[in-house]
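Trainee: Protein chains in written order, with the numbering used here: chain A, 109 to 362; chain B, 771 to 1041.
These aren't lab readings, by the way, just hints derived from the structure by calculation.
Treat the numbers as computed from the prediction; the structure is a model and nothing was measured.
Accuracy of the hints is not assured; some may be wrong.
[Said to hold, decoys possible] Simulated crosslink set (DSS-like; lysine-lysine; CA at most 30 Å straight-line):
{"#": "1", "chain 1": "A", "residue 1": "252", "chain 2": "B", "residue 2": "796"}
{"#": "2", "chain 1": "B", "residue 1": "821", "chain 2": "A", "residue 2": "190"}
{"#": "3", "chain 1": "B", "residue 1": "821", "chain 2": "A", "residue 2": "235"}
{"#": "4", "chain 1": "A", "residue 1": "245", "chain 2": "B", "residue 2": "775"}
[Claimed, not checked] With beta-carbon atoms standing in for the labels, derived distance ranges:
{"#": "5", "chain 1": "A", "residue 1": "211", "chain 2": "B", "residue 2": "947", "range": "27 to 33 Å"}
{"#": "6", "chain 1": "B", "residue 1": "909", "chain 2": "A", "residue 2": "283", "range": "52 to 58 Å"}
{"#": "7", "chain 1": "B", "residue 1": "951", "chain 2": "A", "residue 2": "244", "range": "28 to 34 Å"}
{"#": "8", "chain 1": "A", "residue 1": "226", "chain 2": "B", "residue 2": "860", "range": "44 to 50 Å"}
{"#": "9", "chain 1": "A", "residue 1": "178", "chain 2": "B", "residue 2": "980", "range": "48 to 54 Å"}
{"#": "10", "chain 1": "B", "residue 1": "788", "chain 2": "A", "residue 2": "255", "range": "24 to 30 Å"}
{"#": "11", "chain 1": "B", "residue 1": "1026", "chain 2": "A", "residue 2": "244", "range": "45 to 51 Å"}
[Claimed, not checked] Residues from chain A that face chain B, not an exhaustive set, calculated with beta carbons under 10 Å:
{"#": "12", "residue": "170"}
{"#": "13", "residue": "219"}
{"#": "14", "residue": "224"}
Think of the CB as a built atom: it goes at the ideal place given N, C-alpha and C, for glycine as much as any other residue.
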Amino acid sequence: MSISAVLKASGLSKYFVNGSLWGAQKIAAVDNLDLCLARGEIFGILGPNGAGKTTTLNMLVGIMKPSSGSIDIFGEPFFPGKISQLAKIGYVPEAASLPGYFTILELLDFYGQLFSMPASLRVERIKRLLEMAGMVKERNCLIKNLSMGQRRLVDIMQALINDPDLIFLDEPTVYLDPVIIERLRFILLRLKSEGKTIVVSSHMLSEIEKISDRVAIINQGKLIKVGPKEDFLRSGTMEEEFLRIVKHVDTKID
Amino acid sequence: MWIPKLIKELRLVLVISRDVCRAALKERVMYGFLLIAFLFILMANVPFVVKDPKVFGPQRPEASALQIGFMSINVFTILISIFVSLNTLQSFFSRERLGLLLSKPVRRVLILEGAILGLFEMVFLNWFLMTAGVWLVIFSQTREWGFYIWTGMSVTALMALLYVALVVFFYCIIPNTMAGIMAVLLIIAGFGVPMARQAISLTLPPGFVSSSLAFGLDCIPQINSLWGVSMQYLKFFNLNISATPIIFQTLAVIFVLNIISVLRFRRFCQF
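Based on the sequences and whatever the hints tell you, model everything.
Mentor: In structure tokens form, the structure reads like this:
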């Protein structure tokens, strides 16, 4: 593994058993996936619905146990339940269920405490995050009173509370209007300039096209193509290339 | 070396417990139960209720008031412990919320311990409010500092912790409403323990089988024994129950239930 590799996944697979009284069927959500992420890059994971993007991210952050394969993060083996590397990881889930009874300040403070951050550092980090997300005025609003887009920004802020070196975002642009998407893009590019490694899973192809350095396309659990963004733009737009690859794979399987 | 780590982990448990307790205190059903409990406790201050000889016999009104308070605390502690705990666990351990917690550097065992402690805090707070209500009612009638009320009702608090431990235990095995039903069934089964013990002693000769069965029965939470201890402290009857072994047995059951829940929770977290 190269020194600058922040994350390396080898032969990563996840099978779910679809059981019934008459027998069980093994379904591969992720099948033999290899990934290698360099420091300071934005890596986009593209795929249609049900391709295995969320399952892949869940395994990479230790929520889900891989059926087979290995993950190395910051040069050390990583598996569910191992918490040493989690202190340097931020995760924005696809559908976070943030408790509505918290204000934004309280919620960020709660997640800061989970990282055992001292109070002064938490205050400083929360202030910076609120400024970055443009939500200083709303800091005392209850989560339940926020719009879906604002909640998504709070999701992103909670993932950044520990100043992580590796950030995973699962469908970050869902529910967001163009103004907030632009703000999110600004945040991600700023994080990249600070040397953070960012993994974005999405099916919003235009967003991935704008911010990613490298892109991977996953379909039916398999890694179809991975490479620099430019490789996907040679024959047109990202959308055209994506549709061409995914349809080609589907036809081959049929 | 291990002391700072222990303090750090205890802090994490407290942080999670505060969140769980707060979530539990947002459950509207809890306020419903608490309100009805207070209505019963206030009823114990109505003279014609507590002086009714057809219901309470020829005893002092404050004894009748204490009986009403004791029963309402017991009944509503069961309801709050089981239903509020279950609702809280269902929202706190939802896939999305638990997933987010698992992505933080917190050991899984601490997440569950935090949840248990948070529910204990919520139940204790409810118990405290209800007991304070009963104590004030008795104080208003007798003008005496009846501290024995707090001692007697503390056994009820122990029972509440047992109910919570049971709900968490069953929830780690069956993560749905069945966990509450199973907890209620086990509590009911506890009432049959003395009868079952008598049946074993009558039908089986002393030996390994009968002693194993007797041990198994001892592991079932015996709510009726705890009630007896509570009644003894509250001076209802001149009961001759040795409180210490029953209290220790209950604490041991709570401890064992929590250990099994923690072990089971590791599997619960594997999506």
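Trainee: None of the hints should be skipped; say for each whether it holds.
Mentor: Here is what the structure says about each hint:
At most 30 Å may separate the alpha-carbon atoms for a hinted pair to count; residue 252 of chain A and residue 796 of chain B meet this at roughly 13 Å. The straight-line distance between the Cα atoms of residue 821 of chain B and residue 190 of chain A is roughly 64 Å, outside the 30 Å bound, and the hint therefore fails. Between the alpha carbons of residue 821 of chain B and residue 235 of chain A the distance comes to roughly 63 Å, so the proposed pair goes past 30 Å and is violated. For the suggested pair residue 245 of chain A and residue 775 of chain B, the alpha carbons sit about 37 Å apart, so the restraint of at most 30 Å is broken.
At roughly 31 Å, the beta carbons of residue 211 of chain A and residue 947 of chain B sit within the given window of 27 to 33 Å. Distance hint for residue 909 of chain B and residue 283 of chain A: a CB-CB separation of about 55 Å, consistent with the stated range 52 to 58 Å. Between residue 951 of chain B and residue 244 of chain A the Cβ separation comes to about 48 Å, which falls outside the hinted range of 28 to 34 Å. Remark: the range hint 44 to 50 Å for residue 226 of chain A to residue 860 of chain B is contradicted by a beta-carbon distance near 34 Å.
Between residue 178 of chain A and residue 980 of chain B, the C-beta spacing of about 53 Å keeps the proposed range 48 to 54 Å intact. The beta-carbon spacing between residue 788 of chain B and residue 255 of chain A, approximately 27 Å, falls within the hinted interval of 24 to 30 Å. Checked against the hint of 45 to 51 Å, the C-beta distance between residue 1026 of chain B and residue 244 of chain A comes to roughly 50 Å, which is consistent with it. Given hint, residue 170 of chain A at the interface with chain B, holds; its Cβ is 7 Å from that chain's nearest Cβ, closer than 10 Å.
Interface hint at residue 219 of chain A: satisfied, since its Cβ lies 7 Å from the closest Cβ of chain B, which is below the 10 Å cut-off. The closest approach between the C-beta of residue 224 of chain A and any C-beta of chain B is roughly 6 Å, which is under the 10 Å cut-off, so the hint is satisfied.
Checked against the numbered hints given earlier, this structure breaks hints 2, 3, 4, 7 and 8; the rest are met.
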